[in-house]
Amino acid sequence: MSDQRFIFSDVMGSDSIYKKNGRVAFYVTTGLILAFLIYYAVISTLGPSRKMAELISEFGPKVEEGQKTGERIYADSAYLSLLKEKSWLQAKTLMAQTDSIYLAINLADSTAEIEISGVIVHSAKISNYRISNILQNGDRNVIYSLFSQPLTIQNDVATIKKEPVMIKIAPKDTSEFQPDVIPDTSLVEHVNLILEVSQGLRIYIYQEESDKPAGKGSTFRFDLYDRLYYAWNALRSAVLFRVPEYQPYIKIKIPREDVKIIYRALPRNGQIAVYS
Amino acid sequence: MEEEKLPDIEQPLSDEIPQFRGIIVILAERLRKLRNVLHNDKFIRSLKIISIILSAAISALAILAFVIYFVPFLKESIPVHETVVTADHELMKDPLYRKEISNTNRDLQRLNRKYTNYTSGQSYVVINTTENRFFLYRNKQLVREGFCSSGSYTMLKTAEGDKKWIFKTPKGKYRIQGKTTHPVWRRPDWAFVEEGLPIPSSNDPSRYEYGVLGDYAMAIGDGYLIHGTIYKRFLGMPVTHGCVRLNDEDLEVIFNTLSVGSKVYIF
Numbered sequence: 001m002s003d004q005r006f007i008f009s010d011v012m013g014s015d016s017i018y019k020k021n022g023r024v025a026f027y028v029t030t031g032l033i034l035a036f037l038i039y040y041a042v043i044s045t046l047g048p049s050r051k052m053a054e055l056i057s058e059f060g061p062k063v064e065e066g067q068k069t070g071e072r073i074y075a076d077s078a079y080l081s082l083l084k085e086k087s088w089l090q091a092k093t094l095m096a097q098t099d100s101i102y103l104a105i106n107l108a109d110s111t112a113e114i115e116i117s118g119v120i121v122h123s124a125k126i127s128n129y130r131i132s133n134i135l136q137n138g139d140r141n142v143i144y145s146l147f148s149q150p151l152t153i154q155n156d157v158a159t160i161k162k163e164p165v166m167i168k169i170a171p172k173d174t175s176e177f178q179p180d181v182i183p184d185t186s187l188v189e190h191v192n193l194i195l196e197v198s199q200g201l202r203i204y205i206y207q208e209e210s211d212k213p214a215g216k217g218s219t220f221r222f223d224l225y226d227r228l229y230y231a232w233n234a235l236r237s238a239v240l241f242r243v244p245e246y247q248p249y250i251k252i253k254i255p256r257e258d259v260k261i262i263y264r265a266l267p268r269n270g271q272i273a274v275y276s
Numbered sequence: 001m002e003e004e005k006l007p008d009i010e011q012p013l014s015d016e017i018p019q020f021r022g023i024i025v026i027l028a029e030r031l032r033k034l035r036n037v038l039h040n041d042k043f044i045r046s047l048k049i050i051s052i053i054l055s056a057a058i059s060a061l062a063i064l065a066f067v068i069y070f071v072p073f074l075k076e077s078i079p080v081h082e083t084v085v086t087a088d089h090e091l092m093k094d095p096l097y098r099k100e101i102s103n104t105n106r107d108l109q110r111l112n113r114k115y116t117n118y119t120s121g122q123s124y125v126v127i128n129t130t131e132n133r134f135f136l137y138r139n140k141q142l143v144r145e146g147f148c149s150s151g152s153y154t155m156l157k158t159a160e161g162d163k164k165w166i167f168k169t170p171k172g173k174y175r176i177q178g179k180t181t182h183p184v185w186r187r188p189d190w191a192f193v194e195e196g197l198p199i200p201s202s203n204d205p206s207r208y209e210y211g212v213l214g215d216y217a218m219a220i221g222d223g224y225l226i227h228g229t230i231y232k233r234f235l236g237m238p239v240t241h242g243c244v245r246l247n248d249e250d251l252e253v254i255f256n257t258l259s260v261g262s263k264v265y266i267f
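Each protein sequence line maps, in turn, to chains X and R. Just so we're aligned, residue 1 is where the first sequence starts under the numbering used here, counting upward by one. Just so we're aligned, residue 1 is where the second sequence starts under the numbering used here, counting upward by one.
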């Protein structure tokens, strides 16, 4: 009987040790996760300043030391206003010199226009837009210089195919011949698009139709996948003790049909001009 | 003395409160069962496991929300190197400032002139292949618009896979290279392959079809034409082999408005 009691008390003792160890492990794990999250948040917030520093070194005005007037000119409102117009026209003129199709996003006028050689072939009304803090409030001189060059599309992600190619196998003889199926034009496709452009910028073009649950859900899922992809890359950098790359963005909302038109019209490495 | 018989617990005390009594008994029974269940180790363990799983799921969601929503929000909230925009009257008198403003103004005017020159005052047609619509401009004014048909994006492959054709309308800037009235369609190889017919020799009479391209055709290069159609019900749909089809009235107006060399913008 006493042996049994001893065994029982021993089991109870080891059980409490396990419980204690488990609790310690829980607190340590929670602490580590919290510490990593704080570290991740801190290292991520370094991204925008680093990106701004990169842009300043590449596009910032070269003012010689001691030239006070030069510095003051670059902050003057009249000069900046002229520079903004000049950058916009410069980027558009460079694109118009080619015979290619390009996109001109004018946030001030709320328009996104497809142009070919200076001719506006399609115009879409921007109903809503959001822009990165560094593009909105960053050094004006640097931002206008950045936008004085066309932004070249390097990659794109969309909810529709760029070229909706259907494969048809030719019939062996006339008995196998079947006339083409007439396309169903009543189908509604939800269209959202991300264009990764030069200088590490991202241009999001969302459909504005979100009144129906399916449209809202489609946009939410598209946005969620993008956020997860972006966060995954940032986490990988953070684990390697590198500052995650910050990609300034421009997000616009236009009618669904216009998103489709823009996506299908722009060439793979098409160019974009932005007027902010 | 006869012992007084106590009422059975299941039986009502009186006719006035039978339901009330019954409910209390049922409730007491339920509570007793619940107490037994709560004292059952298996149930407690299950509850603990469920609560651990729930806590873990909520924590994971919270971490996810922190990473994908809060951190990006935080990044956008950090102040960056901002420009303090000034409007200094003293600066305006500075010769360096005036020179800079003058240079920028000159550049702006030059760019404006250059850009305006790109927009031609001549007649041109714009074709939207996504919506299958056309827009005819004369002196920068829209004079006519309507439906057209463009490439179907069908890829035709032979069963052996040795030959393939893709039926899409080319995009970009083109010019009218030639104009024809009463055009005759010379059927290319794919027109025979598509119908399962043997490919005839290049000058075989079966290659020539009359009246299927409408009254007019305008060539834009690489064998692509803007022409009429006998399949008018398909206008507004992507059904062609790459050419642009129009109805008879629109085709006539465009044919008469555009001349050889006129621009055709397709997107």
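Think of the hints as simulated: they come from the structure by calculation, not from any bench. A couple of the hints might just be wrong.
Said to hold, decoys possible - Straight-line distance between alpha carbons at most 27 Å, and here's what the computed DSS-like set of lysine-lysine pairs gives:
{"no.": "1", "chain 1": "R", "residue 1": "Lys140", "chain 2": "X", "residue 2": "Lys172"}
{"no.": "2", "chain 1": "X", "residue 1": "Lys162", "chain 2": "X", "residue 2": "Lys20"}
{"no.": "3", "chain 1": "X", "residue 1": "Lys251", "chain 2": "X", "residue 2": "Lys125"}
{"no.": "4", "chain 1": "X", "residue 1": "Lys216", "chain 2": "X", "residue 2": "Lys260"}
{"no.": "5", "chain 1": "X", "residue 1": "Lys20", "chain 2": "R", "residue 2": "Lys42"}
{"no.": "6", "chain 1": "R", "residue 1": "Lys48", "chain 2": "X", "residue 2": "Lys125"}
What the hints assert, rightly or not - Just the calculated beta-carbon pair ranges, DEER-fashion:
{"no.": "7", "chain 1": "X", "residue 1": "Lys172", "chain 2": "R", "residue 2": "Pro205", "range": "23 to 29 Å"}
{"no.": "8", "chain 1": "X", "residue 1": "Ser110", "chain 2": "R", "residue 2": "Glu145", "range": "31 to 37 Å"}
{"no.": "9", "chain 1": "R", "residue 1": "Ala159", "chain 2": "X", "residue 2": "Glu245", "range": "45 to 51 Å"}
{"no.": "10", "chain 1": "R", "residue 1": "Ala159", "chain 2": "X", "residue 2": "Val181", "range": "16 to 22 Å"}
Positions of the beta carbon are idealized from the N, C-alpha and C atoms, including for glycine.
Straight-line alpha-carbon gap Lys48/R to Lys125/X, limit 27 Å: Between Lys48/R and Lys125/X the Cα gap is close to 55 Å, so the pair fails against 27 Å, i.e. violated.
That 16 to 22 Å hint for Ala159/R and Val181/X (C-beta), does it hold up? For Ala159/R and Val181/X the Cβ distance comes to about 19 Å; the hint holds.
Cβ-Cβ distance between Ala159/R and Glu245/X: within 45 to 51 Å? holds (49 Å)
Is 31 to 37 Å a correct range for the gap between the Cβ atoms of Ser110/X and Glu145/R? violated (23 Å)
Does Lys20/X sit within 27 Å of Lys162/X, going by the straight-line distance between their CA atoms? Since the Cα atoms of Lys162/X and Lys20/X sit roughly 58 Å apart, the hinted pair is violated (cutoff 27 Å).
For the range 23 to 29 Å, tell me whether the beta carbons of Lys172/X and Pro205/R fit it or not. Holds - the Cβ-Cβ distance for Lys172/X and Pro205/R, about 24 Å, lies within 23 to 29 Å.
Can you confirm whether the C-alpha distance between Lys20/X and Lys42/R stays at or below 27 Å? holds (22 Å)
Quickly compare the C-alpha distance for Lys140/R and Lys172/X to 27 Å and report which way the hint goes. violated (50 Å)
Has the given pair, Lys251/X with Lys125/X, been kept, meaning a C-alpha gap of at most 27 Å? holds (14 Å)
Within a Cα-Cα threshold of 27 Å, do Lys216/X and Lys260/X meet the stated pairing? The hint holds at about 17 Å.
When the structure is compared with the earlier hints, violations turn up for hints 1, 2, 6 and 8 and for no others.
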